[in-house]
Amino acid sequence: MAKKPAARRTAAPPPARPQAKGGTMSRILVVSLVIFIGLMFLPTVVFLLFALLPTAAAYVVDRSSEKYEWICVGGLNFAGTSPFLLNLWTGRHTIEAAVSQLTDVFNLVAMYGAAGLGWMLFIVLPPVVGVFMQFSAQRRIATLKATQIQLVQVWGPEVAKLKG
Amino acid sequence: MAEGAAVQAVNQMPPAPGGDGGVLLRERFMVYPGRPLPELNSPNAMAYAAEDRRGGRPVFALALSPDLPVRLNTIQAMKGQPFNAVLPLVDYDFVLWPPLQRQIVLVIFERPAGGRVVSSLEDTFTPMSDNDYQKIILKPLTQGLEEMKGRGVVHRGIRPTNLFFMDAERTRPVFGECVSAPPAYDQPIICETIESAMARPEGRGPGTYADDMYAFGVTLLFLLIGHRPGSAKGNELLRAKITAGSFAALTGEARFSLGMIEVLRGLLIDTPEMRWDLDGVKMWLAGRRLSPLLAKPEKRAQRPFRFCGAEVVSRRELAHMLAANWEQAAGPVMDGQVEVWLRRSLDEKALAEAVADQVRAASFSASGGNGQTTDTVVARVCMLLDPHGPLRYKSASFFLDALGPMLAVATMRQKDVRIIAECILREVPEGWLEAQPAFDPAFVQTMAHVKTIRGYLRQSQPGFGVERCLYELNESLPCLSPLVLSDYVLDIEDLLPALDAAAKRMDGKSWPADRHIIAFVAARFNFDVDKQINALNSTQADTSALGLLSLLAVLQWRLGPEVLHGLSGWIGGLVGPIISSYHNRDVRRRLEREVPKLVRKGSLPDLYNTLDDVEERQKDLDGFAWAKAEYAGADQEILDLENDTTTRDAQAQRVGQQTAAIMSVMIGLITICVLLAMQLW
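Residue numbers (our numbering), protein chains in the order written: chain L, 1 to 164; chain B, 165 to 845.
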C-alpha cells in the first residue's frame, strides 16, 4: 500500500516571507530615527513627556473602541501646554529650562487645568446632546401625531386600521 | 259557473259601486263599472255594460281577473277579426279600474243579443230536430272553428255554457271568449280529453286543435240530447271515460239520431291521431259518410287492482288513482304490488320490469344516495303507467308546456309553489320525456328549457328562483311586485314609469326593487344585466346599492324615459352607502352636495356616473392606500421614538463624545495658531 502524501506535506516548512526582513529593518530605522530626534530635541521631549501626562492617562483609562476621551483631553492639554512649549523653543532650549517650566506651579496648573477642562467637556457634552435629541424626538412625535390626525380627518378613522 | 275546475275558480272582483262614472278605453269605448252584466260573465271575468262612442254595434266589456295570467297573444290574434261564429273581440286595453283601484285588462266584445245558449250544464231543454240542429248549431259552429284555425287560434274554452246567440232570434250561435284565463282553465272535466282532464286546470297547457275538436264533440252532444251527457260527474266521469272510453261514457243511454253517431264518435274518440279534424267534420257535413271509427279500448286486467277502496282495471286508471291518492301510493308501489299486478294480471312484463327498476333505484338511493325518493319513484311509475298523461308529482299534475301557467296561477293566488319547484329540481320532467313512447324532436328543446329553468331555481338570490322562472315562462304575465302591481307592468318599458309613480306613495327608505322586479328585468330586458344583479345581491350595502342604481340607470339609459323625478328622488335617498364607500371625506361632502342637484335633474345614468366615476374611485383608492401607509409609517416611527430610548442614549453618548473631541482638537489648533501668530508679530 502506498504511503499517504499528506504526511509529507504537513511536515514541509512554511514558505519564507520576503517582506518580513524588510519590515523589521524599517522598524529599526524608525526607532533609530525617533531616538536620534529625541536625543536632538531632548528638552522638548522631556517637557512634553511630563506636560502631556493627563493625555497619556486618558488614553490608558479609555476602554471604548472609538478612543474619543484621550483626543478630547489631549486637544485641550496640548492647547494648555503650547505657550510654555513656545517659550522653551524661543528661549533657552535646555533640560534645565524644560525642568524649570515644569516645576512652575502656575505652568502646571495651566497645563493640567486645560486637560481637566477637556475631561469636563468629555463628561458634560454627551448628556447635553442626549437632552437635545430627546427634545427633538418629542417634537417629531408631535408632528407625526398631527399628521395622523390630519389623515383621519381626510380619510376617516378606517385609515388607522391595519387591515381592510 | 260550470262544474269541475271552473267551479273552483272564484272571481274575487267585488261588484262595482253604483253610479255611471264610466272608464274610457282608447278614446272610443265607454265602460261602466257600475252596470255589471252578470249574464255575460265568464268564470273568471266580470262583464260590464259598455258603449261604442262612434256608434256601431252594441258592445260589452269583460274585466279580466288581475290574479290570473291572460292570453295576450290570443287577444292580439283575435282583435278586430271579422268573426261570424266566434264572439268578435273588438278591442282591449290596460286601464285603471275604479272598483279595484288598479290597472286591469278590459276586453271589448260585441254584445250577443240572444244571450247565452245555456247558462249551466245542468240545464235541460227540448232537443232540436236533426235539420234544425245541423242548420242552426253544427254548420255555424264548424265555420267558427274554421275561422279560428285560419287565425291560428286554439280556443280551449269550447263548452256548452260558453256559446252565445248573436241575434235576438237565437239563430246565430258563436263561441264565447277564451282569453280571460289560461288555456282550458275554465273547462269542466266533461269537455276535456282524458289526458287534459287528469291535469290541474292551470296545468292543461295550450293544447291543440284536436283538444278543441273533442270539446266541440261534447258540446254538440249536449246540444243534441238537450241535457248533460253521461251519468257521472267529476272524478267518477273521468274514471268512466278511462274505463269505457269517452264516447261510451258520455253517450251512455242517451238517445239521438243514428246519423249523428258517426260525427260524435269521430270527435270523441280518445286517440288524438284518430280524432276527426275540421276537414273530417266538413266532409261529413258535405254528405260524405265514413265507416264509424272504433276506439281501441284500454287493455283491461284479468283481476282488478284494489287501491283505496276502488278496483282498478287498467294501467291509465291506476296511474290516475295513484296520483289522486299520493300519500297512499308509495305503499303498493314500493312493496312491489304494482309490479306483480302488471306482470300477472295485465301481462305487461316489460312495464313491470321498468317499474321494478324504479323501485330498485330508490332502494339503492336509500343506501347510496342517487337523488331518487319515494315521491319521484311514484311519479316515474305514474309516467310509465300512463305516458300520455300529465306529469304528476304530489298534488301537482300538469303538462310541461303548462309549467308557466302553473307557476303563475300558484303565485298570483298565493298558493304553494314549492311542489312545482321540487318537481323540477328532482328532474321529474326528464322522467316524463323519457317515458314518452315516441320521440319528438321538440323534446330536445323542451329538455334544454327545463334545464335552464332548473338552473334558475337552484339559485335563490334575487334575479333567480321561482320569480325568474315565472317571467321566463309567462310572456304575458305582468310584473307581480307589490310596488307596481296596480300599474299592470307587462312590458319592460313600462317598469320605470311605474316605479316613478310608486315613489310618491312608497316609504323613501324602502328598496325600489324586490325579487319580482329584479327577476322581471332579468327575464324581459334584452341586455346583459348579470353584473348589475350580482352587485345588487352583494351582502355589502354599498355594492348592493350601486348594483340597484346601476340596474335602474341602465334601464333608463336603454329604454327611457329621459326624466324620472320620483324614482331619482327615491334612489337619491338610498345612495348613502355608495357615498360612504368613498374614503375621502372631501369627496363625500362634494357628492352629498351634488346628489340633490342630480335628483332634481331626474337622470339615473347621470346619478350613477357621478357616484361611480371610475377615475374618481381609483384616485380615492390610491389615495386611501397612500394614507394608510402614511399613517402606519407614522405609527411605527412614533413607536420607535417612544420606545427606543436605549439606542437614542447610546447615540447621544457617541455624538456627544465626538462633538467634545472635535471641539477639543479645534480649541487646541486655534490656540497654537494664535500663539504662533503672536510670536511672529
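Quick caveat, the hints were computed from the structure, so don't treat them as lab data.
One or more of the hints may lead you astray.
[What the hints assert, rightly or not] Using 27 Å as the maximum straight-line C-alpha spacing, the simulated DSSO-like pairs for lysine-lysine come out as follows:
1) L/K145 with B/K783
2) L/K161 with B/K792
3) B/K792 with B/K761
[What the hints assert, rightly or not] A few chain L residues that don't get close to chain B, going by computed Cβ distances all over 10 Å:
4) I28
5) I35
6) G38
7) M40
8) V61
9) V109
10) P126
11) T147
Backbone N, C-alpha and C define an ideal beta-carbon position, used for all residues, glycine too.
Status of each hint after checking the structure:
1. Straight-line distance between C-alpha atoms of L/K145 and B/K783 comes to about 25 Å, which keeps the hinted pair within the 27 Å bound.
2. About 8 Å separates the Cα atoms of L/K161 and B/K792, which keeps this hinted pair within 27 Å; it holds.
3. About 33 Å separates the Cα atoms of B/K792 and B/K761, which puts this hinted pair outside 27 Å; it is violated.
4. For L/I28, the condition that its CB be more than 10 Å from all CB atoms of chain B holds, with the nearest at approximately 32 Å.
5. For L/I35, the condition that its CB be more than 10 Å from all CB atoms of chain B holds, with the nearest at approximately 26 Å.
6. For L/G38, the requirement that its beta carbon stay farther than 10 Å from each beta carbon of chain B is met, with the minimum near 21 Å.
7. Non-interface call for L/M40 relative to chain B: holds, since the shortest CB-CB distance, roughly 22 Å, exceeds 10 Å.
8. The non-interface label for L/V61 is consistent with chain B: the shortest C-beta to C-beta separation is roughly 14 Å, beyond 10 Å.
9. The claim that L/V109 is not at the interface with chain B holds, since no C-beta of that chain comes within 10 Å of its own (minimum 16 Å).
10. With a minimum CB-CB distance of about 3 Å to chain B, L/P126 fails to clear the 10 Å threshold, and the non-interface call is violated.
11. The beta carbon of L/T147 is not kept farther than 10 Å from every beta carbon of chain B, the shortest such distance being approximately 6 Å.
Hint compliance for this structure: hints 3, 10 and 11 are broken, all remaining hints hold.
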